[in-house]
Amino acid sequence: MLSNMACSLIEHKRVTTTVAKAKTLRKFVEPLITKSKTDSTHSRRIVFSTLKSKDHVAVLFREVAPKVATREGGYTRIIKLGTRQGDAAEMCMIELVDFNEIMLEESTSKTRRSRRGGKSKSTDKVEAKSPAAKEDKTTAEADASKQEPKQELEAEEAAREAKEKEVRAQELASEERAVKAKEKIPAPDPKSEGKTPDADTKG
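0 is the number of the first residue of the sequence shown in numbering that gives the first Met the number 0; add one for each residue after it.
Derived by calculation from the structure, the hints in this document are not laboratory data. Please note that a few of the clues may not be correct.
Each pair of labels, with its calculated beta carbon distance range [said to hold, decoys possible]:
no.	residue 1	residue 2	range
1	Ile101	Ile45	32 to 38 Å
2	Ile101	Asp54	26 to 32 Å
3	Lys181	Ala157	21 to 27 Å
It should be emphasised that the depicted structure is a prediction, and the values quoted were computed from it without experimental measurement. For every residue, glycine included, the Cβ atom is placed at its ideal position computed from N, Cα and C.
All chains, full assembly: derive it from the sequences and hints.
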């Protein structure tokens, strides 16, 4: 029974059966698919001794093996379909992973998201840093150290200019006050300077 199910899985690339049969079929088929990766007479004879079908052995080695060459195990997928009417047995579909084109397109279209601000704990990335990056860091630090005294000098000059402006403004304000005070004082009359009071003239 398992050899017939394996032949139908190799031919149609998917089979609908119960969950229990699918799990036992997975254990039966996956070692045969692993054997098909090495295309030799010995491996073909071993697979033929279990499948007992030349046509399905040829399909396994010609179609399935090239697509599964880069995969290290896990060649089949079980998808549960619910319960069957009558005996309520759990049904599922077992298929070859590399022959489901819809699932493969979805997996390739998904983009990988990277977390921001997370520090990597691997030491390989630290060791893989090139000396050019270290030199860039040292040059950047040197430029920053050179720019710091320049910024301090510029800040001091700006503070001095601000103080000078304040002093000038205070001087101008004091001069304006003095001018206003002079304007308020009345000038003496030249007629009243030579005259004496009336009481003195009468006496």
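Outcome of the hint check:
Distance hint for isoleucine 101 and isoleucine 45: a CB-CB separation of about 33 Å, consistent with the stated range 32 to 38 Å. Remark: the range hint 26 to 32 Å for isoleucine 101 to aspartate 54 is upheld by a beta-carbon distance near 27 Å. Checking the proposed 21 to 27 Å range against lysine 181 and alanine 157 shows it is violated: the Cβ atoms sit about 37 Å from each other.
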